[in-house]
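Okay, here's what each chain looks like letter by letter:
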Amino acid sequence: MRAIHLANYFVAGCIAFSLLGWVASLHLIACRAIAFLTAAAFTVWGLCWLLDFSVSSLLKISVSSLQAFLLALLAAGALGAGVFLCS
Amino acid sequence: MQLKMFVLSGAAVALWLVPLTALDKRIGWHKSMQGLTLCAAIACAVTAGNLAREQAEQNEIEEIKARAINADVVDEIATSAYISQQQRQQEAEQILNPVEALERALALPDADVERSLEPEIKQLAENGQNGSENFESERAERALQLKAKGWGKAKIILEVWGVSKGGSPKYKAAEAEYRRLTETG
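Order-wise, the sequence lines are chains C and L. Numbered per numbering that gives the first Met the number 0, the first sequence spans residues 0 to 86. Numbered per numbering that gives the first Met the number 0, the second sequence spans residues 0 to 184.
Next up, chain C with everything else stripped away, as it sits in the complex (with noise of 0.2 Å):
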């Protein structure tokens, strides 16, 4: 059940890439928007994921569990973009 309930995060946040990809679609300035929104968002990712373990004690995670969100916000991000740039 509870792989369930991760599985199912994880598919919401798959569709929201999509759907920020459909906003990106509508229009030349929300395409930008939403680029730069993405460019700050991986920066973010990538310095979370160097400075983990200071993540981790802020937001009071293990660094394990820390990582793997980490991860799973990248895989969910790359699933939702590619089905919506493959479609």
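Be aware that one or more of the hints could be misleading.
Claimed, not checked - According to the in silico footprint, chain L covers these stretches of chain C (three or more CB under 8 Å from chain L): (1) 4-14; (2) 17-25; (3) 73-86.
Quick caveat, the hints were computed from the structure, so don't treat them as lab data. The beta-carbon is built from N, C-alpha and C at its ideal position, and this holds for glycine as well.
Following the hints, put chain L in place on chain C, whose structure we already have.
Same frame as chain C, now just chain L:
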């Protein structure tokens, strides 16, 4: 609950993939439908995830309850086993003690009980007889020692039997026993 969760999960995936692949992005209302279905898909996935999380928490609580009940049962069994062992040990000790056995036999004049406790009673009787014989021999020995020291009869009876000289039945009995012991000794 589980059926609802699975339906919502399937609906989320279907609402995510089907409109993106089946509808044309160049047509205006198709694009709008894609946006709507993506929003609906997110809602379905989040709702299904929340249901699964609640179910998982309930399962954890049930598991904790089951573990607590199992621990209580095991503790109760262990306690009862310990108590019954103590009771058996106490009963065994009481049975092995001959005085207790005699008291029980006297308190419970059941024929079966008396028959079962017959060896212990015999042993007790023999012990009592031996004890009185030992006591008598000690008296005789003490009386002979005092007599050898030159003590008089009245003084020896007073020392050994604790009876002063006179015509009392106790003194007469002690005097008779003194005579018997000194003559036999």
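> Which of the listed hints are broken here?
Replying inline: Of the numbered hints, all hold.
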